[in-house]
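Protein chains in written order, with the working numbering: chain A, 12 to 450; chain B, 12 to 450; chain C, 12 to 450; chain D, 12 to 450.
Be careful, since some hints might not be right.
A pair holds if it fits inside one copy or across any two, identical chains being indistinguishable in the list.
Derived pair list, reagent style DSS-like, types lysine-lysine, alpha-carbon separation capped at 25 Å [what the hints assert, rightly or not]:
| # | residue 1 | residue 2 |
| --- | --- | --- |
| 1 | Lys373 | Lys82 |
| 2 | Lys166 | Lys58 |
| 3 | Lys441 | Lys58 |
| 4 | Lys373 | Lys58 |
I should point out that these hints are in silico values taken from the structure, not numbers from a laboratory.
Protein chains: 4
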Amino acid sequence: MASISTQFRNRLTDLAAAGREFLELTRLSSKREQSLAQLCDEMMRQKGEASSIALADQLLQQFALADSEQKLSFFTYLLVEQAADTTEVANAIDAYKIESSLTRLSELRQVLDPPRREVIRTLNTAPNGTLSLVQLRSELLDLVGANPALDVVDKDLSYLLQEWFNRGFLELRQIDWQTPAFILEQLIEYEAVHEIQGWDDLRRRLASDRRCFAFFHPAMPNEPLIFVQVALTQTMATSIQDLLNQPIPEKNETMFRNAIFYSISNCQRGLRGISFGNFLIKQVVEMLAAEIPSINQFVTLSPIPGFNEWLRSSLSDRDYSLLTDNHRTRLESLDLEESHLFSESDKALLREICAIYLVNAKTGQFPCDPVARFHLGNGARLEQINWAADTSDKGMLESCGMLVNYLYDSASVTRNHEAYSNHGEIAMSKTVASLLTAR
Amino acid sequence: MASISTQFRNRLTDLAAAGREFLELTRLSSKREQSLAQLCDEMMRQKGEASSIALADQLLQQFALADSEQKLSFFTYLLVEQAADTTEVANAIDAYKIESSLTRLSELRQVLDPPRREVIRTLNTAPNGTLSLVQLRSELLDLVGANPALDVVDKDLSYLLQEWFNRGFLELRQIDWQTPAFILEQLIEYEAVHEIQGWDDLRRRLASDRRCFAFFHPAMPNEPLIFVQVALTQTMATSIQDLLNQPIPEKNETMFRNAIFYSISNCQRGLRGISFGNFLIKQVVEMLAAEIPSINQFVTLSPIPGFNEWLRSSLSDRDYSLLTDNHRTRLESLDLEESHLFSESDKALLREICAIYLVNAKTGQFPCDPVARFHLGNGARLEQINWAADTSDKGMLESCGMLVNYLYDSASVTRNHEAYSNHGEIAMSKTVASLLTAR
Amino acid sequence: MASISTQFRNRLTDLAAAGREFLELTRLSSKREQSLAQLCDEMMRQKGEASSIALADQLLQQFALADSEQKLSFFTYLLVEQAADTTEVANAIDAYKIESSLTRLSELRQVLDPPRREVIRTLNTAPNGTLSLVQLRSELLDLVGANPALDVVDKDLSYLLQEWFNRGFLELRQIDWQTPAFILEQLIEYEAVHEIQGWDDLRRRLASDRRCFAFFHPAMPNEPLIFVQVALTQTMATSIQDLLNQPIPEKNETMFRNAIFYSISNCQRGLRGISFGNFLIKQVVEMLAAEIPSINQFVTLSPIPGFNEWLRSSLSDRDYSLLTDNHRTRLESLDLEESHLFSESDKALLREICAIYLVNAKTGQFPCDPVARFHLGNGARLEQINWAADTSDKGMLESCGMLVNYLYDSASVTRNHEAYSNHGEIAMSKTVASLLTAR
Amino acid sequence: MASISTQFRNRLTDLAAAGREFLELTRLSSKREQSLAQLCDEMMRQKGEASSIALADQLLQQFALADSEQKLSFFTYLLVEQAADTTEVANAIDAYKIESSLTRLSELRQVLDPPRREVIRTLNTAPNGTLSLVQLRSELLDLVGANPALDVVDKDLSYLLQEWFNRGFLELRQIDWQTPAFILEQLIEYEAVHEIQGWDDLRRRLASDRRCFAFFHPAMPNEPLIFVQVALTQTMATSIQDLLNQPIPEKNETMFRNAIFYSISNCQRGLRGISFGNFLIKQVVEMLAAEIPSINQFVTLSPIPGFNEWLRSSLSDRDYSLLTDNHRTRLESLDLEESHLFSESDKALLREICAIYLVNAKTGQFPCDPVARFHLGNGARLEQINWAADTSDKGMLESCGMLVNYLYDSASVTRNHEAYSNHGEIAMSKTVASLLTAR
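So that you can see chain A by itself, here it is in the shape it has in the complex:
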């Protein structure tokens, strides 16, 4: 069998040449100081030396101050000049063909490990290197859209972050009023589901009938990765405004029956795609079950972010089959922006259509609603659809003010998860099921 043709080696070289030309241009523009690429070359020359830590630090600080063009230039440099050696790859492929052993396979894998990974590993040795790399990835994600070739760089960066943020390294910490202000401030900033209205609101959310937990990484001890907010209540919660405005119960007055997971927010954009939420919810369920044995129901109160948009596009597309003609007729007589004026039967209609959306509107074999996909994928059950549950502007715009409860029932969560993952089956309560058969 012939060796790998020189043809595609040339093509790769072309791309590299174009990249290098761009690099030259941007390097010329920054005469005063070493370009990021030059710093990086220097750093890799001193790899293993104590001085490489200082260079990594300098590079990351200079990157943080760089403009977009300089950043793009640096990422292009990583893509082109810190790529695997294509000759070595070709040789390893040839060797594998000749002797198709597990050892050759392992060697091929090794030559495919591009030098840019070693760059990233070295950057991680800088003080606060891990946090800086997470922020650097956030910037990279901004540039990938317009520069899809950089996706290759992101693959390497996210691969390493995935290794480093292995669940085994994360610390689960309770967040309360004893937590340093520096961290609490980030909760206010990152809360993505139900905005925290300043420190008084935050304090309410950390009172004795609330719980908040977050994951942290030991290399970033001051930066929460993701946090979840839980309300402990006597009765099931169906309105987020009621929940947030509940008075704090007197101590020992209440026997908590429900743990309502009403918000879960990621804090680090640079860790997109590296998922912690699933573990966070399940570990918090376990901890609360041990701490407060009276709780017998663990349930979310969750947004339906895609509902209104889906409904609008469904109505405008006559061929779309999830809605019946009856649905269309009735919906067309309604003004969704005036949903607070709806009659009981109007509300019932909307709940029914919402159930259709959550269960039957799919992307591939899974629901298209991202929150539904998350909780059902975790093995939760679609429990209840609540009218007038989030009357904020956001809630009205997203889902006519509806919210949904997903139930985490430890007895069935693994079974649900497997049925969902393998067959796309969606677990739901009888109440929700009856909404669907109403049709």
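Position chains B, C and D against the provided structure of chain A, taking the given hints into account.
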């Protein structure tokens, strides 16, 4: 171009078939409980679930109690049944040939990532998972000798450990008499260079004129990875027994001039090949320089583990050219086991030959003495060869009681390191150089 | 010499009888539960037992929930029923007269130690007992006004608190944005000099050019005792509003020259009279001098709380001699409430009169202004009187908007302190001195 | 009634004069440096100043290096020159006679508070001041024997230590193999009951079936005050050697039924008379009961330190009535130093006589055996007397090798304590009671 031939796919299948047969046999032998492989299959099915953490824990505990055959069986299972999909690999190679882009290269790399890595990542989520994996690798290393095919499994395990023990995640901690007994006990156990004779000896080594530092990993906070012992002295140390038996100076009496690195020991056999020593020495040099400005010399007092053995085989091999006839004649008249009776000229001869050994006896382009290779590779300078420097049995057996000082001079360490790495050049003092030209 | 007459023993008994009568009345009123006094009797019976800790806890919790009358009843019980045994006292006095030795003196002191001290010591063994006793003293202080006999109980309580809050037991902690919210919240609450306007204002006060330090006691680790706020500036600060509204300087931009102590606040009313402020300021001066060597001036920006009131009463009292007729004439033509309209010579007049107030208006041999008394007593120097320095309502009402700088100069602080304590001498700058001689 | 006569004032002055003469002599002898007394005067002049902390530190360090005469001189200075002002005392006594109110009583108490207490309080502000004062008291106790007048100084020092070591300030910490070596080393040093034979023995005593707890004070965080050692066992322990040599049980193999308190040792001689042991035992009982619910018996295995000595003097004193003639006759035929050869009836005799000793041999109304007095005073019950229970030299010499179990039964401990304290009643098991009635 033709697709990858089916021929080597078949060969891989053969190996796999042999492995599976072995697995069947060992599975049959453990009827009472699930085999490790079955547990592992179950764990991977529940991946991402909270229950997978419990299964990982169970698997690691069961592994720790397993006998050799069961362990070998489990590693074989990882090798054979958790390997990359060869069909996918073949397809990705084909795709890369057709379009030789960085993206295809990246995809090829991805399919080469074998499932056994995901197994290892999942095991790491167990409580104390990281420590258990380090211990598991120690067992794997024991088996690789007789089962070289398992080296492929070790490649994956050591790859992940290398990622996880990135220098950026390690904590440098000072070890002193305030350190928990649990950790001190491990120092006694792991000291590999100059044995610690119980708690009183340890206490001496942690007194006010001594320093000890170790690296720790946040996921194994009670297990030192590597530690270094330093003596602060007024004068250069040339004998380890003198150094260890020095009385503790009165407080404030001494102006320390030298930091003598007299021992550096790895604690985790399962981290073999994942090197921390270089960074440890250099960071301790930086810290001591800042803490005690009067210190102007950072130097080791190091063993020469390969000298006597090399000398013996050099003498028995007439053709070996590093020794002159004059050397041979003089050496043949000496009884190395009676070196305490040597005359001054005998000692001079031995020091000269030791210099030849350290500088000229090579494996490839680097010195064959492992300690020399380590310090010279770090950029240290060969400073001085000391007679009667380690009169313990070990010292006499290894190197006729000689020890060597390597000097860490921050002004030249990077230059030395580069000259050594690129050209095999060895930095040495005039004293050592004159020993070599004496010839 | 005759023994102590029975006469005054009887008188003490009368008071005790009256107290007991009151106790009976209040005991009757709380039929449902044991009175605090009964609990206390029980607790003292079980003194030294583990159960006494539980009883102390119960007593303190019940006290916290008690109404005023019950509290008064409990304090009366402590006064009357937990007093020293007057017979024993009389006997010890007699013995001392017969043999006037140091030993008899020591024995007399011992019998004078009243059982109520042992009650307080036992209460301190409860969980959070120390904090509860500090709060209990706060309540006692409220009652002493109308019940001056309770001052005897307060003497014992404050005596013990004084022992327990010995400077040697206090921890100095820096307060910053890493401090738990629970503690920061108390800063907002307790700031007594320049009110903190919520969390954003607090955050500004903890920025990189500010410092905040507090004393804590190990038995009350979550409760600051006293805290001081310092601004680091390039130039001397003469206006509190300017200081509080300064933009945060860029990092490394500023070379700080001044440390301005602009606020010092006690947090625990129940520790009134147990002074920490002196030590706090001086230790912070030492720490800042070590941390930031460029600072060469440590100065307060302090209120003059008694000025306006003193001025008003001085004007209304014709015979009062500190003001000259010239002063009176000029002052009578001015409207102090319109001080923002004052001419330069009006301002000069007010500064002059303020200097007279601070230096010459005395209570006993010391200044009557409490803030002046505090800082001058510490050995600080009266440095400068600033016009329009605090334009808040509080500042205008207290001192026509003037503030004063007291300078802490380590070279002269001990000398100043001694001259002040022994002779009432007041250290002042030439500027202030010239204001006084202007007259 | 006449005022206090000048006569005894004169006598006090005489003593003071003699003391001052001694002080002059010792002051002359230390020309080079300030005497401790001069330093102390200086420190008190600067009281409240930051500089007084430095002076306190200097004084304590100088004291530690001083010779016996200098120390005696310093204590004499404290006795004589830092005493209460006798004129003020006389006046306050007079005032109290004229108006015998609680307020006058309180004032009298205040003037009796001697300045030396303020000296001690100021010394406590030095770094490690509390520890230094505890050590200083240890030295003072050495001198009191030959200088009983110094007992007055000790009264003041121990009074303040008593306040500062109030139970409410002590921390209970578990001691285990995770504890810093610095603290463990002190356990080896201070164990007073059953000597710890080096680090291996210590390690055994901290294994999974053992517990060790100690009290610490926050101002001396590295110094245990008192510690207790507990063995968890399946069966009641009757021999200390058996207990100490028990193999460590396999994890989870044993269901612990008994907690044997086999050693309790004070660590700070300077805290003599300030008792923590009672609280320590009872809190450990509570903690173990909560941690290991299977334990149903909390019992000591205690020495009988005074038995042999009491027995010897009882035999030599014909009139001593606790022994019958029958006892004497039988005992005279035995050689106590050969007790390992005793017959069963000999052993029974000794146990019987031991019971008589523990229960009936009294000092005042309480047992003369100090260990019995401690545990019975705590409310424990005399449970069992064990033959051949401590076969060490110490055990044979003290009590013919017998040890005794005291039982801490939470249901009866308070009742026992009260019966003992008020009426000298001794709680005992039927077994022990039957030994007594055997007579």
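Outcome of the hint check:
In this assembly of identical chains, the alpha carbons of Lys373 and Lys82 never lie at most 25 Å apart, being 38 Å within a copy and 45 Å across copies at closest. In this assembly of identical chains, Lys166 and Lys58 lie within 25 Å of each other by CA distance both inside one copy and across copies; the values are 23 Å within and 22 Å between. When the C-alpha separation of Lys441 and Lys58 is checked against a cutoff of 25 Å, the pair qualifies neither within a copy, at 62 Å, nor between copies, at 29 Å. Taking CA atoms no more than 25 Å apart as the test, Lys373 paired with Lys58 passes between copies only; the shortest distance there is 24 Å, against 49 Å inside one copy.
Of the numbered hints stated above, those contradicted by the structure are hints 1, 3, listed in ascending order.
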